[in-house]
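S.K.: Chain by chain, the residues:
Number of protein chains: 2
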Amino acid sequence: MSASPAITIDDPADPRLAPYASIRERDLVGRRGRFIVEGEVTLRLMLSPASRFRVESILLSPERLPGLGDLIETMPAPPPVYCASRAVMGAVAGFPMHRGVLAVGLSGAPPEPAGLIPPAPAPATVLGLVGLTNHDNVGGLFRNAAAFGADAVLLDDATCDPLYRKAIRVSAGAALTVPFARTASPQALLDLAARHDLVSLAMTPGTEADIADIALPARALVLLGSEGPGLPPDLMAHCQRIRIGMAAGFDSLNVATAGAIALHHLLRRRCRL
Amino acid sequence: MSASPAITIDDPADPRLAPYASIRERDLVGRRGRFIVEGEVTLRLMLSPASRFRVESILLSPERLPGLGDLIETMPAPPPVYCASRAVMGAVAGFPMHRGVLAVGLSGAPPEPAGLIPPAPAPATVLGLVGLTNHDNVGGLFRNAAAFGADAVLLDDATCDPLYRKAIRVSAGAALTVPFARTASPQALLDLAARHDLVSLAMTPGTEADIADIALPARALVLLGSEGPGLPPDLMAHCQRIRIGMAAGFDSLNVATAGAIALHHLLRRRCRL
Chain W
1 MSASPAITID DPADPRLAPY ASIRERDLVG RRGRFIVEGE VTLRLMLSPA SRFRVESILL
61 SPERLPGLGD LIETMPAPPP VYCASRAVMG AVAGFPMHRG VLAVGLSGAP PEPAGLIPPA
121 PAPATVLGLV GLTNHDNVGG LFRNAAAFGA DAVLLDDATC DPLYRKAIRV SAGAALTVPF
181 ARTASPQALL DLAARHDLVS LAMTPGTEAD IADIALPARA LVLLGSEGPG LPPDLMAHCQ
241 RIRIGMAAGF DSLNVATAGA IALHHLLRRR CRL
Chain S
1 MSASPAITID DPADPRLAPY ASIRERDLVG RRGRFIVEGE VTLRLMLSPA SRFRVESILL
61 SPERLPGLGD LIETMPAPPP VYCASRAVMG AVAGFPMHRG VLAVGLSGAP PEPAGLIPPA
121 PAPATVLGLV GLTNHDNVGG LFRNAAAFGA DAVLLDDATC DPLYRKAIRV SAGAALTVPF
181 ARTASPQALL DLAARHDLVS LAMTPGTEAD IADIALPARA LVLLGSEGPG LPPDLMAHCQ
241 RIRIGMAAGF DSLNVATAGA IALHHLLRRR CRL
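Line order of the protein sequences matches chains W and S.
In case it helps, my numbering puts the first sequence at residues 1 to 273.
In case it helps, my numbering puts the second sequence at residues 1 to 273.
Rather than coming from a laboratory, the hints here were simulated on the basis of the structure.
Bear in mind that the values here come from a model prediction, so they are computed numbers and not experimental data.
Just so you know, not all the hints are guaranteed correct.
Said to hold, decoys possible - Covered stretches of chain W, going by a simulated chain S footprint (3 or more residues, C-beta under 8 angstroms):
no., region
1, 142 to 154
2, 237 to 249
3, 258 to 271
Note that beta-carbon positions come from the ideal geometry of N, C-alpha and C, so glycine has one too.
Let the sequences and hints guide you as you build the complete structure.
M.R.: Written as structure tokens, this is what we have:
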């Protein structure tokens with residue numbers, strides 16, 4: 001058995017811990033190509049082949065080292081593992097680190113949106129997010145995309161970053177595994193769908209067609225907008241508009257929940273092909 | 001037009017504002033029969049006939065008074081309305097009050113669980129929550145219960161309070177409108193279901209029966225447990241176990257999302273009766 005690969009650090013000001021400094025404040029300004037992962041489940045996912053992201057470094061408290069250090073040691077090219085007490089971790093991060101597991105990932109070059117769409121005529125389910133600025137909702141939608149086997153998530157220019165710390169956490173790590181890319185505008189999403197034989201479905205309470213009643217296409221781009229304003233009307237004018245049937249007098253669902261129901265129906269349709 | 005009913009208060013220590021003091025700290029210890037409502041949408045809901053809760057008092061910033069004061073004035077027996085600057089509101093509450101709308105509701109006597117179940121042989125959809133301690137999830141489940149027309153929500157002894165401030169907010173106010181009651185234990189939930197001709201459905205990934213394939217009962221208690229441990233096996237042994245079909249290799253959904261999908265299927269079934 002080889003020696004533990006971990007490097008013990010006692011000084012919160014050690015420059016190797018700089019990417020972990022003032023985590024919440026840095027969340028707000030962004031990290032230019034880096035992102036923070038918290039907790040064992042998400043770290044294991046980022047170290048697995050399911051994740052396309054490179055791990056720059058890992059920071060563990062001594063209690064977490066036995067469980068995770070062994071895993072990391074068996075990797076062909078393991079990233080540096082730093083070990084610091086929870087007190088030092090908390091001093092660096094700026095808040096208490098109860099879980100004692102942090103890592104820095106590298107975003108890498110963003111993929112081309114077109115490359116994430118399965119080529120026709122194969123079935124395809126792509127989620128399109130328009131103007132979603134709430135990290136919980138975006139994280140929840142990635143979790144649901146993974147649960148119901150969406151091939152990719154495409155984001156318009158106004159939707160927030162799925163690699164934001166809280167979005168990764170709410171996604172249960174799915175933001176690291178479900179392929180995603182950004183388009184220049186909501187219209188660019190529609191153009192891309194048209195070029196790749198995807199039917200654009202706009203989820204909206206303001207229509208008669210119920211997702212549980214209509215024939216769903218084998219290749220679909222499911223578009224979701226934010227809860228208040230919804231999808232822009234000029235965008236919906238070029239889509240098949242679909243609602244989720246609700247109790248009388250109620251037309252309000254959380255957007256991640258609406259996405260889950262739409263993706264569940266599309267997965268059912270796909271399983272019957 | 002009558003004079004404005006609002007009572008202007010400039011002193012954060014005014015005893016009439018005591019129920020609004022240190023809101024976050026008081027969230028943790030509970031309020032013994034009182035709860036806090038934030039924001040205009042939720043306050044309007046609490047003042048409407050859809051809510052069964054009495055409003056003890058309302059606290060508005062001066063800018064919110066014209067829009068809401070008029071509504072309150074037309075009520076037959078309006079609660080006291082206090083008006084304070086956002087600075088005073090923030091000083092009382094302990095954090096900035098951007099929305100400038102707060103109210104104190106009275107929980108009243110808890111209803112009998114049995115009284116919330118529609119009598120047989122009418123269709124009935126009741127949600128049963130077991131060991132759910134996350135306020136976001138409980139709030140989300142109330143929102144979904146309202147969206148998909150559940151008749152009631154029954155909570156076991158370990159599930160958290162739907163009238164907790166954050167649960168009300170996440171529920172979009174549905175915690176004030178969907179009837180709920182608490183039972184002494186998970187087993188008491190099952191006993192109640194049996195006495196009222198409800199089929200107990202346990203949502204769990206560990207079974208073959210897919211909710212989209214099976215014949216659903218017209219009278220159902222849908223049981224949901226927390227995301228990690230799920231429902232207790234000895235409880236599930238007395239239930240019909242049902243799963244939500246997911247992509248291969250994935251068996252994880254947020255519990256509020258799982259509830260939405262189950263309730264959506266039950267509403268569809270009920271609409272076809």
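S.K.: Of the numbered hints stated previously, which ones are contradicted by the structure, given in increasing order?
M.R.: none
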